[in-house]
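Position chain C relative to chain H; hints supplied.
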Amino acid sequence: MQKRILMAGISAAACISAASAASAVEIEYWQYIYDTRVDAMDQLIESFEEANPDITVKQVTFPYADYQTRIVAANMARKGPDVMQLFYGWADKFIAGKLIQPLPEDTFPAAEIEEEFFPIVSAMKRDGQYYGLPTAVRSLALFYNKDLFEEAGLDGPPETLDELVEYGKKLTVKNDAGNFETVGLTLDMAGQDHQWWREVLVRQMGGVPYNDDYTEVTYDDEAGIAALEYYTDLGKKHGIGEPGFMDEGQAAFRAGRAAMTIDGTFRLGSFNSIEDFEWGVAELPANDEGVQSNYASYFANAIGSSAEGEELEAAVKFLDYISSPEAMQVWLEVVGELPARRAAAETEENMSDPIYGPFLAALPYAHTTLFVDEAAQRQTAIDMANRVFLQDQPVADAVAEAAEEEQAIIDDARD
Amino acid sequence: MVHPTSSDTVPTHPIRPAPRLSMRTRSALWVWGFLAIPVLFYCVIRFYPTFNAFWLSLTDWDLMSEAEFIGFENYRRMFADPDFWQTFRNTFEYLVFGTPISLLIAFVVAYYLDRVRFAHNFLRALYFMPYITTAAAMAWVWRWFYQPPPTGLINSALGEMGFGQIEFLGSTSNALPAIMVTAIWAGLGFQIIIFMAGLRAIPDTYYEAARIDGLGEWTILRKITLPLLKPTTVFLVVFISIAFLRIFDQVYNMTTNDPGGPLGTTEPLVLMIYQTAFSSYDMGYAAAQTVVLFTILLVVSLLQLWILRDRA
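These protein sequence lines are chains H and C, in that order. Take 1 as the starting number for the first sequence in the working numbering and just add one per residue. Take 416 as the starting number for the second sequence in the working numbering and just add one per residue.
Looking at chain H on its own, in the form it has when it is part of the complex (with noise of 0.2 Å):
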């Protein structure tokens, strides 16, 4: 890393000296519009174009629906960025599409990506090349209501899967009608239970969701089944829970009217404008054996392919920038998400933080699903779930059409 800085001040002085008699290179940042993000990337800006007086950035941003059409439709017009962020999951089609180009391999060496990097970086790596870096990643955790807990009498959140139902039960609230008050658990499948029901509940009733190269569905087994109806029985059997209950999980977990919630760091921000109760944050349960599994993904920052020329030496140079320990610092103050690099992460402060704790804690174990297209395969998940719920088909046909569907659409998607 020494000689990397060495070098990056050698070829910064040299650019001082050239940028001179040069003209000075404007760059081109995209993002989609989120005020924090949009703030920290100022800020960051500010700060690169302070040690980089000949590069100016601008930063561009869409609406986060048009976000990717307006990249591909810029990229078609040959007017594309320098440098953009990208969900990871979006990685092969924008490869495919050849919108991102790879990172040069002397200023960012695989190896020590993969030293200093959380291991989901590799989401972002094909053929032995990275087409992209983080400043910052998500993961899950469970938030839990303390007062509506100290009110059922318990001291802290469930540690394993067992307990997270027992403790349901004891919190969940229902009227004389038989309707909920207060749910134990939100069962949200078009939230962050997709995420949970296939990263961490299938691997801990001791399957794997997929094969090494997300390429085949192998949830279609046993564990599969296991984790599936681990997840129904916690509406239709244990009853702590519906799918539906005020319309989205984090809706009621903000109304004070569940216990528990599965969500990512994403949405602190808006938990933190809760007035009403004291919430806390707490790992995902373990199953018996202690496994721990987590969903973490992130937005990448990559290069462009029509950055070419300085325009590209100045595009590496941000780059390089903004997934610095640095840029993580500003990007978890401002924007509240983790950073990606381990060291400037498992600080001892982050690590004893009781929200970011958590969160961080998770990291290492967690993985990374490669997505081919993340709402279409959302949506099998979401189906599978409402044919048990709805139309109470039994579990195992309930996961055997999923795979077969989900499966269609990697194969569609790779072909």
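Any given hint might turn out to be false.
Listed below are several chain H residues computed to face chain C (Cβ distance under 10 Å; list not exhaustive) [to be verified]:
1) S273
2) F277
3) D412
4) A413
Computed far set for chain C versus chain H, every beta-carbon distance over 12 Å [said to hold, decoys possible]:
5) L478
6) F487
7) R492
8) F512
9) I608
10) P618
11) A625
12) R661
Hints in this document: simulated from the structure, not taken from any laboratory. Using N, Cα and C, we set each Cβ at its ideal position, and we do this for glycine too.
Here is chain C on its own, set in the frame of chain H:
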């Protein structure tokens, strides 16, 4: 300025008269001059993309790579896809139930509202209000109405009165009718106004003559009002049908968590097209679905015009 200031500038050759155009040609030129802008607009913004969609439906275009011709593969895939047939059925359910119910309610309201003198304008404005309200905003309000307790207004009221709960949007059988009701309600205002204009256009003399001849209200309605309202009815049937065939806003906004769900039971064709195109970026396949929707719209419209044509 009629006289030149200097004789030098006086042209030595006679000014060639402008080609003589008849009044008719000149006015035609004017008309087309003005029409050129909307015509050009329609050709470039509407017709060209429409024809392009036909071509795209024969390719595997995914927005990123070059479009490759694959013949009728998209159509084969579509007709073999049970999800497509499900949305096809859903779309026709919206159409077959939505159109007559809308028409009936709109007519009844217009028929009686026409006779009300007290607060007539206010009532008319009330009925028209939903039509000018943003569909997304309305859909979200209804979405909350339909929730199970404790959030849902309807279910909370039912609970207060001691009735059992009704699953609306979370049920595979009730979700589509629940969404359709909101779409009917939203469209009523416009249809009532059109019906009232149609009713007003019927000359009073017909009614007077009928009453002098001693016809009852029911006969007047059947023999005079309804037949003379036919052009209005034809227009509205076509208009409402197209609206239901293209239903999207209500469904999308009321089911954002599970678009078109649960289990695809509320998904109309347009939502399927939207998701295929802008979520899966499968533009060729989406174009094929669009061509099917286009064909259905065309056939249904022509069929209705033919059935309801003037047999005079």
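- Any hints this thing doesn't respect? Which numbers, in order? 1, 2, 5, 7
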